[in-house]
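Dock chain one against chain two, each of which comes alone in its own frame, and use the hints as you go.
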Amino acid sequence: MIVKLLSGDKPRSAVLTAVLLVILICLAGAPFIFDGVRPLDTAARICIFILLVASYDLLLGYGGIVSFAHTMFFGLGAYGVALASTHMGRGFDALLAGSLAGALAAVVLALLIGLFSLRVRAIFFAMITLAVASAVAVLVSQFSGITGGEDGLTYKIPRVLTSANRMGEFLGTRITGKTLNYYLVFFASLILFLLLLRIVNSPFGRVLQAIRENDFRAEAIGYRVVWYRTAATCLSAAAAALAGSLFAIWLRYVGPDTTLSFEIMLDILLMVVIGGMGTMYGAVIGAALFILAQTYLQNLMGSASEATAGLPLIPDLLNPNRWLMWLGILFILSVYFFPSGIVGRLRQRRAS
Amino acid sequence: MTAAPDHRPNFASVSLAERLDGALPVLLVPVLVVFGFFAIGVPSSWLTLTVSGLAMGMMIFIMASGLTLVFGLMDVINFGHGAFISVGAFVGVSVLIALGEWTGAASLLLNMSAVFLAVVAAMTVTGALGWGFERIIVKPVYGAHLKQILVTVGGLIVIEQLIHVIWGPDEIFFNRPETLKGAVTFAGAAMEKYRLLAVAVGLALFIAMRMVLRRTKIGLIVRAGVENGPMVEALGYRLRLVFVGVFIAGSALAGLGGVMWGLYQEVITAGMGEKMMVLVFIVAIIGGLGSVEGAFIGALLVGLMQNYVAFLEPKLALVSNIALMTAILMWRPQGMLPVVKAK
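Line by line, the protein sequences are chains A and B.
Note that my numbering has the first sequence beginning at 6, numbered continuously upward.
Note that my numbering has the second sequence beginning at 17, numbered continuously upward.
Derived from the structure by calculation, the hints contain no laboratory data.
Everything numeric in this text was worked out from a predicted model, so none of it was measured.
Note that beta-carbon positions come from the ideal geometry of N, C-alpha and C, so glycine has one too.
Where hints are given, some of them may not hold.
[Unchecked claim] If you want the footprint, here are the derived chain B segments under chain A, 3+ residues with CB under 8 Å:
#: 1; segment: 157-169
#: 2; segment: 289-298
#: 3; segment: 323-336
#: 4; segment: 342-349
[Said to hold, decoys possible] In silico EDC-like cross-links for lysine to aspartate or glutamate, where the CA-CA straight-line distance does not exceed 20 Å:
#: 5; chain 1: B; residue 1: K163; chain 2: A; residue 2: E218
#: 6; chain 1: B; residue 1: K291; chain 2: A; residue 2: E218
#: 7; chain 1: B; residue 1: K291; chain 2: A; residue 2: E268
#: 8; chain 1: B; residue 1: K331; chain 2: A; residue 2: E155
#: 9; chain 1: B; residue 1: K163; chain 2: A; residue 2: D220
#: 10; chain 1: B; residue 1: K331; chain 2: A; residue 2: D156
This is chain B alone, in the form it adopts within the complex (with noise of 0.2 Å):
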């Protein structure tokens, strides 16, 4: 006889915490948001700190869903992510620049299809490279932690410089397109036509991501591989090859939000990528490594958190970020939306 097991069914309703446990990590946007509201104390500065961090979130997600999605298929952590971002700038940047007369029309049209073209140019550069990427640096040293950390830095470095060499040691400034220039007013708050644009891109593609991951057979596959690897091999899905164009639309991303950020900064450097590094790590782990949704809710979180700190206390945007890291890990250590590996 074995003993009667632990759990005891009950008719104790569902508590509120209970029920609210899954939600948390999405409310916790509004939360912040509402926080702001107060310690601010101006509707319109608010609103458009609101609209910039959120743009800045968005960005941030576009960078960080490729590197998040990388680590949960095959476990490789890519310390080179950064360098795709910066790549993806000086590409798009410089095909806008070619394009100077597209850009300084005030043709919404002529404006839009440089900018689109510049896009294009960045992401087949970034993923190509991302491709050449994985093959050298990154293959031989699968399962390896520590040698794929050491390996990727280096391979940040050399990509770093090897853009120094061809673009020339110093920082380019540039304008951006003529109709994305200016702000819309509403309710006495200004906000950038572009912040707004970077919005609207971000959230389709977050869209479009989820219904790629949840409605289509390639992302069926890339979500059990995430969850369990092997099985998915044993059924006969040849996971490396997911693998590869995941590693490969990821960084081909990197170099998307890496001309995005460009365009918001209007001056491009070759650290800038590894810069951002930093905030694409923090969005990362506070997600959950793996998860996608986690990282676009960390990515808003840490987008409006920077904005809010950066208005009341310029000094203490980049701790800011760092303090909402320990927080939330001393919450959940695994970050907010944990992926739950089948053991």
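Okay, chain A solo, but in the shape it has when bound (with noise of 0.2 Å):
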């Protein structure tokens, strides 16, 4: 049944398994387990990001395809529920077609540029979507009429979702919509994430690694390369903008900044590189392990540079807001020598 549901990709190694396990059991259980807001909100970010870089590493680690507009993905279903719940009211009929018609833009939008681009070399894909993702942020900043530009939207979800629905107590906390809304984005996470093991793991799945591994003979054998570059691009599109709404439905807010702007970007790279391209678990690996890094190691440096006020220039190495070009030269390092990330490392132990 769990390998049915893994669709055969068993983690392979018993390190990996058991921290997969815990991450899975404090996700689940994480409004019982953790106190207060914030650990609720750093779990929800942990789930729409293992969705989100699950997505990403079907094209970088399975398709070899480098994109730069997986945030424009992501925002496109962000601002799909943001504006389905501006105009038609809240409601579960707005939160749905928002998602929907984000996810439809989303895939309409990755087939025009695959086509574009993926014709003639993989390269060109990486700087095409660099100007096209730009292109998007230029756009939803100047067409504040529609999208509130840099203030981005605030809007109301269904209130059942929300954190005024008291629903009584259980094992020592207290439910409310908040909880309610953690567990839908966890579920809707969960299934999403085991749908993309599902179609790595598929026949579809193979094809892409052995276009990876080496497009031309691929090619020789018979398969499309163009056509199944595209397929994986759009499917990773829907997923991404799937990610976007729920991230949108948690928040009840979207703004350019958090899910448009090019540092999301890094962030899901990074994610990716450290968790292991090609292998769906380095997501999880990654996502957990960065979101957590980012939510409680930029405090460490702000004390740190605190702490070597007196030295000259260090402080302002560790300032808080340098925390961009440590990730850069960790990102750079990781790629060197960990190409094939966490997951990578500890399948290898245990073959040797």
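What follows is the structure, given as structure tokens:
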């Protein structure tokens, strides 16, 4: 049963299995295990980013295609929910319509970009997605009448999902609509993640891996490389858009900084590389580790910066705003020295 | 007996379309200019916009030329190129600010020597940075596109953040040198002096680059290397050395482009290079990766398009360039002047 749920793709390492189980249990019981608002928010973020990073891994790890437009698809889903909730009023129909419209828009856009760039050279894709994503980000901030511009949009979600909805107590924890909202995010992410796992372990996923290893040979065997790459792009865009919708439902706010910025794109890249490209479990570990570090490590950097205030240059380097620089260095180092990421390392140890 | 070849010679004259085929991309620029004339309708604004479009195009070309050559030679795509643009701008502008007395004076000689020093400083620093970047970041990942993209993006972020550490987090505003301020009026159209200078510098650089590539031995090796690298190496030339040279020159040119763009905008931010990279990539793609002439034509098209559309419908400026790229890729999927690689 469990093996079937995982599509036969077992973690293949005892340590990895244990870590994955711990993450799963912590996320599943987050409202009961941890106290307060912030841990719950972190847990929801982890769920959403696991889905987002897994969908990116379908493209990067399995397809061998680098895209810089993943935040754009993420944003499309988020703005879909936001716009639908603003114009259709609060209600589940608005959330559903918004998510579907966002996913559809993402698929259409991915299809267009894919057909234009992938038929020539895979490397065009990276450059073209960068250009298109920045154009979309500029458009979103310029058409402020529709999108709220830099300020973003705040909107209402169904009352059942907000903390105003009190539903009594369970195991000493007060159950509110917020808990319900969290489980919506959790189960939606879990189902979509298992779906992605199914996709990469299907014959389609095998062909994709073959193309990654040697596209020329895959074409020679008789697979339409362009078609497979474009299909992977569309699938991954749809999953990213749905992750965006979940994010919008959870946050009740969308803005260019939280959904479209290049920084998030970088976060996603780092999570994939650290966790391990080409393994869906890498997305789980990468996202969980990264978000925890982001939430709690930045405080540490702040205090380290204050502690070294007397020294030259070092406080500037340790300033929490320079977080991105250390990420960049970490990123370069992990591409050089751990190209297979944490999951790859764990599996390797078992093999040797 | 083998069958007769498909090719059948005949006496039909070459059609006009076939004659024009090679020149078509070059003709696109005047076509766009004429089209802009009718779309805008007011000759004086059209002239102003054309000059600023050409100036912008020249600056983008300066930034893009290095990127496209590096790709042609070694199949290396450098996403960190944008960092050199920013670094060049910051170094150059720091020199200009330090030489405040020279730039404030109303003397052409003093102003020009200040700008010259700023450019030299910027190009030296970015050239050296390019050399380091090549050694540390690019060298270990030759031949692996995926890793190249990831690692150079990482390099871009680190350099951008280091700019924040060194020059502080805020954008820097400054004034152009005295004699470069103001505009010349010609036929009722105001043309900023600086833009005219930028057009002149860009044109001179393009001609010089073409001369080097076409008339000198090193240019010959570079062109041959783009077309068929292993063959050039087999003939005994150390292509790696040539490549490092081209990488350094390309980085220095990106620095020059950064200074010029900074002077054009009169404000610099650490993120400016990243923003310019979008246009640089569009230019490199529509020109045909690896082709300097293609990048030149592409840059002029992008610059003109950006300025015309920004005048007609400000919100669509960047989108218009994506549309331009889409249209050109539909017409020629490899770019306007694709580099023919020997197999």
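Hints, verified against the model:
1. 157-169: holds (count 8)
2. 289-298: holds (count 6)
3. 323-336: holds (count 3)
4. 342-349: holds (count 4)
5. K163/B - E218/A: With Cα atoms ~14 Å apart, K163/B and E218/A stay inside 20 Å; holds.
6. K291/B - E218/A: Distance of about 33 Å is beyond 20 Å: violated.
7. K291/B - E268/A: holds (14 Å)
8. K331/B - E155/A: With a Cα-Cα distance of about 15 Å, the restraint between K331/B and E155/A holds, given a limit of 20 Å.
9. K163/B - D220/A: OK: K163/B and D220/A at ~17 Å, within 20 Å.
10. K331/B - D156/A: Status holds; Cα separation ~18 Å.
Checked against the numbered hints above, the structure breaks only hint 6 and satisfies the rest.
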